[in-house]
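Protein chains in written order, with my numbering: chain L, 1 to 341; chain W, 1 to 341; chain V, 1 to 341; chain U, 1 to 341.
Bear in mind the hints are in silico, worked out from the structure with no lab data behind them.
One or more hints might be untrue.
As the list makes no split between identical chains, a pair holds if one copy fits it or if it spans any two.
[Stated by the list, open to error] Cut-off 25 Å, straight-line C-alpha distance, at most; resulting in silico cross-link-like pairs (SDA-like, lysine to any residue):
#1 Lys-135 <-> Gly-286
#2 Lys-251 <-> Pro-161
#3 Lys-251 <-> Ala-269
#4 Lys-325 <-> Ala-224
#5 Lys-135 <-> Thr-265
#6 Lys-135 <-> Asn-258
#7 Lys-168 <-> Asp-104
#8 Lys-135 <-> Ala-269
There are 4 protein chains.
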Amino acid sequence: MATSQVNVGIIGAGRIGRVHAENLAHRIPEARIVAVADVVEDMARKLASDFQIPAVYNDPRRILDDQQINAVLICSSSDTHAQLIEDAAAARKHIFCEKPIALDLAKIDHALAAVNKAGVKLQVGFNRRFDPSFKRVRELVASGEIGDAHILRITSRDPAPPPMAYVKVSGGIFLDMTIHDFDMARYLMGSEVEEVYAAGSVLVDPEIGKAGDLDTAVITLRFANGALGVIDNSRQAVYGYDQRVEVFGSKGMALAANKTTDAVTQSDANAIHSAKPLYFFLERYGDAFAAEMREFVLSVAQDKMPPVTGIDGRIAVVIGYAALKSVKENRPVRVSEVDRT
Amino acid sequence: MATSQVNVGIIGAGRIGRVHAENLAHRIPEARIVAVADVVEDMARKLASDFQIPAVYNDPRRILDDQQINAVLICSSSDTHAQLIEDAAAARKHIFCEKPIALDLAKIDHALAAVNKAGVKLQVGFNRRFDPSFKRVRELVASGEIGDAHILRITSRDPAPPPMAYVKVSGGIFLDMTIHDFDMARYLMGSEVEEVYAAGSVLVDPEIGKAGDLDTAVITLRFANGALGVIDNSRQAVYGYDQRVEVFGSKGMALAANKTTDAVTQSDANAIHSAKPLYFFLERYGDAFAAEMREFVLSVAQDKMPPVTGIDGRIAVVIGYAALKSVKENRPVRVSEVDRT
Amino acid sequence: MATSQVNVGIIGAGRIGRVHAENLAHRIPEARIVAVADVVEDMARKLASDFQIPAVYNDPRRILDDQQINAVLICSSSDTHAQLIEDAAAARKHIFCEKPIALDLAKIDHALAAVNKAGVKLQVGFNRRFDPSFKRVRELVASGEIGDAHILRITSRDPAPPPMAYVKVSGGIFLDMTIHDFDMARYLMGSEVEEVYAAGSVLVDPEIGKAGDLDTAVITLRFANGALGVIDNSRQAVYGYDQRVEVFGSKGMALAANKTTDAVTQSDANAIHSAKPLYFFLERYGDAFAAEMREFVLSVAQDKMPPVTGIDGRIAVVIGYAALKSVKENRPVRVSEVDRT
Amino acid sequence: MATSQVNVGIIGAGRIGRVHAENLAHRIPEARIVAVADVVEDMARKLASDFQIPAVYNDPRRILDDQQINAVLICSSSDTHAQLIEDAAAARKHIFCEKPIALDLAKIDHALAAVNKAGVKLQVGFNRRFDPSFKRVRELVASGEIGDAHILRITSRDPAPPPMAYVKVSGGIFLDMTIHDFDMARYLMGSEVEEVYAAGSVLVDPEIGKAGDLDTAVITLRFANGALGVIDNSRQAVYGYDQRVEVFGSKGMALAANKTTDAVTQSDANAIHSAKPLYFFLERYGDAFAAEMREFVLSVAQDKMPPVTGIDGRIAVVIGYAALKSVKENRPVRVSEVDRT
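Starting from the given sequences, assemble the full structure and let the hints guide the process.
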């Protein structure tokens, strides 16, 4: 039976939970937020007040027990994702979960098995797939307008590094930041990554190096279809969030430039000046977050496969481990090497 | 006493009323929509249902009589604006009114006198002032970064002409379409228009000519500060809504280009292809409409002067009449010539 | 009999004479420079030395008397052009003459009559027609790719005003500077200008005003085919030579942007910075000057009509007078009004 | 003693010899071409005729024996370069040699030793260093305006593969094509490449693969200063010669885009269309070739070190061999590994 109205419970009332709440409340008439839970109950209360959410809890269990709720958003801290997926699946809720599902492949597999067994939907939060420019590049590749894809280039640079406390538990740059680019690579090319060579450096902040992490990286990808790709990452682009992709093929090239705050150029005696890229992901991917959530809600309401699945979430983590291993051993690593578990 | 919450009544539940309702409901926490009225009650009912508006009427009088309402939006057909302003002022409501206040200067003056007498606020719907790019150009002019302004250029072309039924009651291209550009000219330059020379043609659709109107125009403006300006208009740009401005001055130039649907370029064996401008005003000025409404609500809530006043609404109409007279007599017309009433 | 080699004499060894000499010497194998004359013989000598020109004179008469010379370039001061055209025509030389032919219409007509009578070719130096970008815009208009042309926009701003001594004998901004834009307007639109309304100001330098001239102007054009156009001029754009054109039509728009010194953008914490337009006409129109001269030489060598004729030179001056009259009388002036002589 | 006039002999009258001859003849007054030699004497004769070169030979020996010649350009086929360098050095001529000096490191070392012993100058033909945009990027890096350089990106794609006959003797994509990018990498970063990881594919033409070569590559570079770089290459970009570079650093980014044939955009009902990149190296690097030759002539005339030396020529070849080894062994290769000879 088709669900015409999706009743949503939100687990985690932080920054990203708020983004989804706002989109659900204002842009997705097919959804209704019926509860929010956060271990910091005040944050849940504030979110509820801002978006007229009837129920507020400090325990996600209460959401899972609520029979009227069809779907949950898991927006809590990363280390809670896998268990919450299992619990939500057991409670027969459809699931939207922020990335990563887990940093441990065994945990991911356990969670995905629970999802499969329960027959619920799971969408992973790779929001960038829903950016209008990246979507357009994907369409140009998928429709054959650029011919066979030969070379992929992704530039992905944050405006500033996260706090060191976060860096230390993030799983490292590949699992925290590049994971989005790994997913973007698969999405744009429509082909699986078979081999990864990652070169990394600590050039932004020596503290990041002391924590065993990198802040600058160039990662070469070899795809199943023979195409090559490269991702470059930095934790700090002083001019703002730099998010560009390019697919080059036998019939041409599709390239997505950055979005800027305005379309003004100022010409003076020195130069022509124009606006910087939008500052960070909340600004750049505002429309993408809304489209992502709408797709999730529609996949539940219309009983369709979500556009990004648990498998997608798993593969990006696997590629991340291949990149980690590549850096450690300074050699190209086949993705299959790290996926024997 | 500062009003912390603005209770709004919306008169007119058409396309633009809906835009304002959505912004009030979702982006402006300082406002609450308490009633909507439309002579077509079904439209009012639909709007109320979409945005949880408690009261629905088919008579705007009901809104004016509601003591809890502080502010009204006048989004009904243009011919009703002036009388509704007078009625709202008499009812001590603050007023946001779509342009034009009226096509008749005497009616405008009567309405503004009522507003003055009642001591209520009146903001006129020149939404383009709130576009981030145009706002940025204004800031560059106002801050002196481009020096003394010498030349203004405005390109303003619609994607398609309105229906002939609308054309016939629109007051003509200058009062219907160019009126926005006249206001933009004053806003960007920070100087009053003293003289207008308008050249017009019928090149898009001969039916428009038969109705006594023009569909293509080039209008020269002479400002009080000696600067010159030019506006070019067309009712039909097949590539979409073309909205560009440029101010040239003694220290440089500020130029606002169009906004496009995405930031993708496709290179092939023929050329490099990129996205067209956003289709029309709802797409292009989405952010501007939200900022405009927020400013109105804040001017009421904080008892400040609105950013666009009734006088601004009046002056743009006067310049429109000067343009009309200029076309009829094929000579430059001083704005003071048409403002003797 | 087709001339396979064009023997050229250059009259006037100043800046523009040098540009043509270099192009003839290096890029146009069909031409040979056999003599140069300048009243300042040292300048002629220097030019001859730089480009291996065999004969050097201080009197242009010597060039006209040289039987081996087929074609002359008139690059001397403007007030000598008309008489030199007559003399060259009488000597049966083909003529390339810098603009303007003369500031006096009667003199122009006298010169053109002499050219006609002698049956020699006359090309006038409207170099901008040969700019690759403007040529491409013309092609898009001529081929019908933008449909019927409705609106023309030309921005033409110099980086700095000429010396006051020059301003005083220049004939004024319309005959000295805008004359190029008037020709560009006719060229791009493929339709004649019928009416002109010019608004001018003195905003750059009050000395220019004291000399009876303007430094800032906005000129509206009405074409025979009903289309409208606008030119804006300034004697001083601090960011460099601003030379843009745009033709808007029923099927779209063709727009030529400025050329810049390089294709580099620098992004920093403040903005994205890019290169200014090329400084002035020698930089911007380098390729155009070469193409212009090649076309002249080929029209002589292959006995073809030159791409810009004496009539073109005359019409641009007539439009200039219409603009002058328009400013004086502050009204639109039909071109036919000033062309009764 | 400073040489005020440089007498040049050109060895090799093919396409690139002609480019240099034209620049010497027309744009570099400090030089005089006194002889040209080509084994195909007709080609030498044609070049001599086009640029008034007095002496024509079919044997380069005749140029080396000419006492009035100070400098020679080696523009003959690549396999002759090393021996001609040795011969020219022995004859005490300053040398400009096209890349590569040789494909064999021992031969390069032998040639460089001869140059050193003779005390003559040797400039290698890495023309791209003289491109105005790349030069500007280098200046921004060298001046510290982008801070410490962290990431280099070079895109270098040819419009079409060379003939198979050429591919077979070219030394492969890295020594033939990427060699320019290796030099550009060192030039832009001001730091030496220490390690190379090259991933290659055959995606353009299987014949290239049969010849043991690649047509598509992504090469990661690790610099002595810790920075990372990536080059991507294709033998066939259907939209034309794609030559872009980008340096990202702690204070910002410098990016050089492609040069296009014109600055025109055409907007229609489908999209906005603009010009493709200039077709190939002769078009794109016309100015660079001229500047390169001027710098060589000036280094001889003023007894300065040439801007690109024999060592630069050698290092780019060494990096090429590291890339080759990397592809063969599918692992990162330290440049020092292939430079033990």
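Outcome of the hint check:
1. Taking identical chains as interchangeable, the C-alpha atoms of Lys-135 and Gly-286 lie at most 25 Å apart whether they share a chain (14 Å) or sit on different chains (21 Å).
2. When the C-alpha separation of Lys-251 and Pro-161 is checked against a cutoff of 25 Å, the pair qualifies only between copies, where the shortest distance is 15 Å, while the shortest distance within a copy is 38 Å.
3. Within a single copy, Lys-251 and Ala-269 get their C-alpha atoms only as close as 41 Å, which misses the 25 Å cut-off; across copies the closest is 7 Å, which meets it.
4. In this assembly of identical chains, the alpha carbons of Lys-325 and Ala-224 lie at most 25 Å apart whether taken from the same copy (20 Å) or from different copies (23 Å).
5. Taking the shortest alpha-carbon separations for Lys-135 and Thr-265, only the inter-copy value of 13 Å comes in at or below 25 Å, while the best intra-copy value is 27 Å.
6. For the homomeric pair Lys-135 and Asn-258, the shortest alpha-carbon distances inside one copy (14 Å) and between copies (21 Å) are both at most 25 Å.
7. For the homomeric pair Lys-168 and Asp-104, the shortest alpha-carbon distance inside one copy (16 Å) is at most 25 Å, but the shortest distance between copies (49 Å) is not.
8. Taking CA atoms no more than 25 Å apart as the test, Lys-135 paired with Ala-269 passes between copies only; the shortest distance there is 21 Å, against 39 Å inside one copy.
When each numbered hint is compared with the structure, no violation occurs for any of them.
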